[in-house]
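Enquirer: Sequence:
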Amino acid sequence: MHSLIKFVGEYFFLISVAVVGLYWLRAKVSVKISLTWQLVAGGVLAVVLALIAGHLYYDPRPFVTHHLTPIIPHAADNGFPSDHALFTSFLGFTMLLYSRRTGIFLLIIAVLVSWARVAAHIHNPRDIVGSFVIAAIAVLVVRVVTKWWRARGKASSWRSTD
38 MHSLIKFVGE YFFLISVAVV GLYWLRAKVS VKISLTWQLV AGGVLAVVLA
88 LIAGHLYYDP RPFVTHHLTP IIPHAADNGF PSDHALFTSF LGFTMLLYSR
138 RTGIFLLIIA VLVSWARVAA HIHNPRDIVG SFVIAAIAVL VVRVVTKWWR
188 ARGKASSWRS TD
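Numbering (this note's numbering), first residue to last: 38 to 199.
Source of the hints: derived by calculation from the structure; they are not laboratory data. Do not take every clue at face value.
As the list claims (entries may be wrong) - Under the rule of at most 27 Å between Cα atoms (straight-line distance), these lysine-lysine pairs were calculated in the DSS-like manner:
#	residue 1	residue 2
1	Lys184	Lys65
2	Lys191	Lys43
3	Lys43	Lys184
4	Lys69	Lys191
Using the sequences and the hints given, assemble the complete structure.
Expert: This is the structure we're talking about:
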């Protein structure tokens, strides 16, 4: 069981990367541009929010507080938020904007990776939940701002033709 936990916790995120990459490769140019923008802008925002959250809240890793040996070797630093959960859930939430089926599949991967990281004693569930919330906020903010920006551009170009 430890081998499975270690494998899922360390390497399953690569499935998410591969799925997003394949989706991007098969997409139309307009979707590629939109998806790239969403991934870059949302990813930067997610990292910034995660850094802020990590400075505001310290959560010792379970292997430290329970005096255990972690299944996945890790530094005894702040566990909040989980980078792996942040990354995989961010990809899942982003892909929900483009393909419901792909997004749900990637969120299942995110849950599996997160479960493995908790089972490995390197994260508490609150580290995972915090990561999912941060990722969702980042995706939503970029989506709303992008829609607002596009609507603003269409409105101003519409007025200029009068």
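Enquirer: Decide, hint by hint, whether the structure agrees.
Expert: Comparing the hints with the structure gives:
Between lysine 184 and lysine 65 the alpha-carbon distance is near 19 Å, which keeps this suggested pair within the 27 Å criterion. At roughly 50 Å between alpha-carbon atoms, lysine 191 and lysine 43 are farther apart than 27 Å, so this suggested pair is violated. Straight-line distance between C-alpha atoms of lysine 43 and lysine 184 comes to about 40 Å, which puts the hinted pair past the 27 Å bound. For the hint pairing lysine 69 with lysine 191, the CA-to-CA distance comes to about 21 Å; that is within 27 Å, so the pair holds.
Hints 2, 3 from the earlier list are contradicted by this structure; the remaining hints agree with it.
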